[in-house]
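Enquirer: Chains A and B supply the protein sequences, listed in that same order. Residues in the first sequence are numbered consecutively from 1, following UniProt numbering. Residues in the second sequence are numbered consecutively from 1, following UniProt numbering.
Bear in mind the hints are in silico, worked out from the structure with no lab data behind them. For each residue, glycine too, the CB sits at the ideal point set by N, CA and C. Among the clues, some could well be false.
Claimed, not checked - Far from chain B by the CB rule (all over 12 angstroms, computed), these chain A residues:
# : residue
1 : GLN69
2 : MET310
3 : TRP317
4 : ALA387
As the list claims (entries may be wrong) - Label-pair restraints from in silico Cβ distances:
# : chain 1 : residue 1 : chain 2 : residue 2 : range
5 : B       : ALA271    : A       : THR120    : 52 to 62 angstroms
6 : A       : GLY391    : B       : SER383    : 38 to 48 angstroms
7 : A       : PRO131    : B       : ASP89     : 57 to 67 angstroms
8 : A       : PRO131    : B       : ILE195    : 58 to 68 angstroms
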Amino acid sequence: MTAPSDAGARHVSLRSGVYADSVKLMQVSRDIGARDGVTAVLVAMATPLNLELARNMGLAPDGDVSPDQLLIAVKAADDDVLAAAVAAVDAALSARERSSTTADAIPARTIGAGLDALPTDGSALAIVSVPGQYAVAEAADAIAAGRSVLVFSDGVPVEHEVALKRAAHDAGVLVMGPDCGTAIVSGVALGFANVVRPGPVGLVAASGTGAQQVSCLLDMAGVGVSHVLGVGGRDLSEAVGGLATLDALAALDADAATERVLLVSKPPAPSVAAAVSEAAAQLSVPVRSAALSPQTPDLTAAVEALLDDMGVAVPEWPSRPGDGVAAAPGAVLKGLYSGGTLADETMLLAAPALGDIRSNTPLRPELHLGTDLSAAGHVVIDFGDDALTVGRAHPMIDPTLRLEALEGVAAGNEPAVLLMDVVLGYGADADPAASLVPALAAARAASATPLPVVVALVGTENDPQGWSRQADALAAAGAAVFSSNAAATRYALDLLGAVR
Amino acid sequence: MTLADLLSAPPAIVAAGVDVFSDALRAQGAEVYDVDWRPPGFGDPAELAALALDPRRAAANRTAVERIMAAGSQLVDVRPAREVLGLPDRMLLHAGPPIAWADASGPLRGALIGACLFEGWADTAEEAERILAAGEITLDPCHHHRAVGPMAGVTSPSMWMWCLQDPVHGGQAFSNLNEGLGKVLRMGAYNDEVITRLRWMRDVLGPVLAKAVRGPVDAGADPVDVKSILAQMLQMGDEGHNRNRAGSLMALRELSPAIVAVEGVPSSDIAAVLEFAGGNEHFFLNLGMPTAKLAMDSARGIPGSSMVTVMARNGTEFGIQTAGTGDRWFTGPANTPVGLFLGDYGPEDANPDIGDSAIMETYGVGGFTMAAAPAIVRFVGGSVPDALATTERMYQLTLAENPAMQVPILGFRGSPTGIDVLKVARSGWLPQINTGMAGRVAGTGQVGAGLVQPPQQCFEQALRALAEETRAA
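Take these sequences, add in the hints, and give me the full structure.
Expert: Below, the structure is given as structure tokens:
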């Protein structure tokens, strides 16, 4: 505290209903007094003793004063310094120390409480994979806290999805999902995602395995991704209207790291597709669509077109020849998929050559399989479909259901070509070949006719499972292995065509 | 924090649900916080979702909690309930939600009997019971009259009331004067000792306090800032519900000069008033409760808010109200506290939970600031780590931290303030209340002190009503 002086600016105020202990107030006074240009400061309860001190400093308050009021008295070189000092007093009084006494002992029970425990200044994202009926409240917590959220959970009613996405839009954050399995944000892979190199291509994906296929092929061509923003499989439906897709496109447009955008989805609702194209045309970043449709059935072709746009040579997509077993006369396609978009791609590519394909997620409703998932003729099953994941883990984590189906194909007396996907990356089975190779061997041994096996192996060399390691193991078991699902499907069609 | 920030740097992750994703994130070196998620403690998923998605809720709850934190509390007067509440003869106020004589527990019956004797409406306990049972005395909750009363909370027309005012929102709240510990009316005792004390409070204590409070205010002095005392006592080992020692002494310090200066009263009476107030550790409780009541009443009637505005018990039922559902009570059977007992009393002697004093927890102190009062935790049957953990848990039930009510041992963190019905449902934790225990037999008095929680039914009903209101809005 300095001697009284009339030079400079003064602030003297009294606050009622504010109490802080004297030690805290002395700390505040000391810290404020150390600021450049502050010549005197007293922040103290207005007791007679402190009022006497204030008077001696030339900072006495006017009027009646009661000892339970807080006196804030500051003298400074000029008005700016003074205002900053008074603001700093307020900040210091309201600041609280983080105590570590028990903070870790009581874990957060909700996303809201979890986000509360984070420092507020950093980038943060919530991931919700609780049962679908409870996912809404957790996701709403994130939006209320001004944080984006990835909702892995499925079974969220569509009207809740719309409400969440509207609230997120208003709050300037993104809802990825519900039923969003894949995202990569600033290099952090969330859910089922592959280890791909960083680069200029941003993906907006209404399809998880579609995004994985596309990002892995880009990586194999030496092209990296900036972000993969999943938006959930229903985002481009009439009901949701592309709410998250539009926000994700705008965010990538504003992102310095993103030079091109590829939009990956299953067939969108026509009106929504039009609205999204229109919005995309307004952006400065070029947007290419890889939406699957009967006219554009091929994700690999979309990647190749993007590489052309960028002037990057299309590489030969890695593959492994199988043991060359030919299909038996009259063979049909049996596709056992864990990735929904990959199953769709396969059906779209194969239907013109094969005709009707029965499925649990068919191209036309009348081709729907019964609940036992078995039918004669061409069949493609998506084991990742919501109806098959109720109460059990996704087939990328737990292969049991699919391996049982594999056994069923072998036991049936129908000659077949077996087509499967194996998806690598974070979140997936740590070694899918380990369970698949013996199952394939058993199936082929049990089958009455030769059973060619074709595998679409979606992944990268840097994935925890390693593309080549898995490919070699599967090829050694006799499977033909492709990094492109479209290529795998065409190879299977060739095998079938040779006997038709 | 916007979407652009999300894309600018690798985010920290807060994850609720399956572990496999968190493990994968850790393998990448990401910063991951796992939520200890579990299915909600109660509530239909559709109701929970409706509330979570109500676009009014965030703003409504912010308004509610900002009001309670902004509310002030000044002691402006001391007046008889007859005058200040307009309480007519043959009407008694009681703690908690509405109740009839037939459903009243022992301590509430004892207090009602005692009040009839004190008011001269009956000469004997038997006669008092008869007129009460015959419905000749109207019973009404304190909360319906902007009043709060500890334990039985029985307030009769001749009792003097602390009159508090919220200078920010203009509200008023009232509470009778605390009688001390042991054989007291609020614990259900009604013997001669009790009635004699009530008469002395009516004839000596009340008038002296009235002059001591009103005199300086009439002369232009600032009224005593009760909120400031509540804030300070949390830093002095009190939690504001079951321990009020520092607060009581500070209140006495504020009032003593004016008490001594009261004219026309024998000095022996002044000495008796000072001795009574100074000897009563809970003298301040009846000032703290209307302070909390002022704050909670300022948040009444905010459509879309799921914040609790009242928790109160009548010895039979526990009742709550919320900011979004007005004056409607949501009730369930009151639990019996668990804790320590005086003398030979044991758990079988304890009455179920009783009193309006849970307004302290509703406001965010009391059991919610157990961490501030390590001196009391053993008395209510806990340990210091329990106290810290209790307060930490309550942060997950509440909407804000009140910077005026700080807990020193938690780094001067503000008290957990504004109980959110939705957070109670989702966390599966119920509010923690510190409380006294009355004997279950009328006339017994206090038997102990301990900890208690509301019955879950109150919150289940409130959640359903809030969800219905949301759907209708």
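Enquirer: Compare the structure with each hint and give your call.
Expert: Taking the hints in turn, this is what the structure says about them:
1. Distance to chain B contradicts GLN69(A) as a non-interface residue, since its nearest Cβ pair spans about 8 angstroms, not more than 12 angstroms.
2. Against the 12 angstroms criterion, MET310(A) stays outside the reach of chain B, whose nearest CB is about 21 angstroms from its own CB.
3. Residue-level check passed: TRP317(A) sits 26 angstroms from the nearest beta carbon of chain B, beyond 12 angstroms.
4. For ALA387(A), the requirement that its beta carbon stay farther than 12 angstroms from each beta carbon of chain B is met, with the minimum near 19 angstroms.
5. Evaluation of the 52 to 62 angstroms hint for ALA271(B) and THR120(A) yields a pass: the beta carbon distance comes to about 56 angstroms.
6. The beta-carbon spacing between GLY391(A) and SER383(B), approximately 41 angstroms, falls within the hinted interval of 38 to 48 angstroms.
7. Here the CB-CB span from PRO131(A) to ASP89(B) is close to 59 angstroms, well matched to the stated 57 to 67 angstroms.
8. Taking the beta carbon of each, PRO131(A) and ILE195(B) are about 60 angstroms apart, inside 58 to 68 angstroms as hinted.
Hint check: a violation occurs at hint 1 only; the rest are consistent with the structure.
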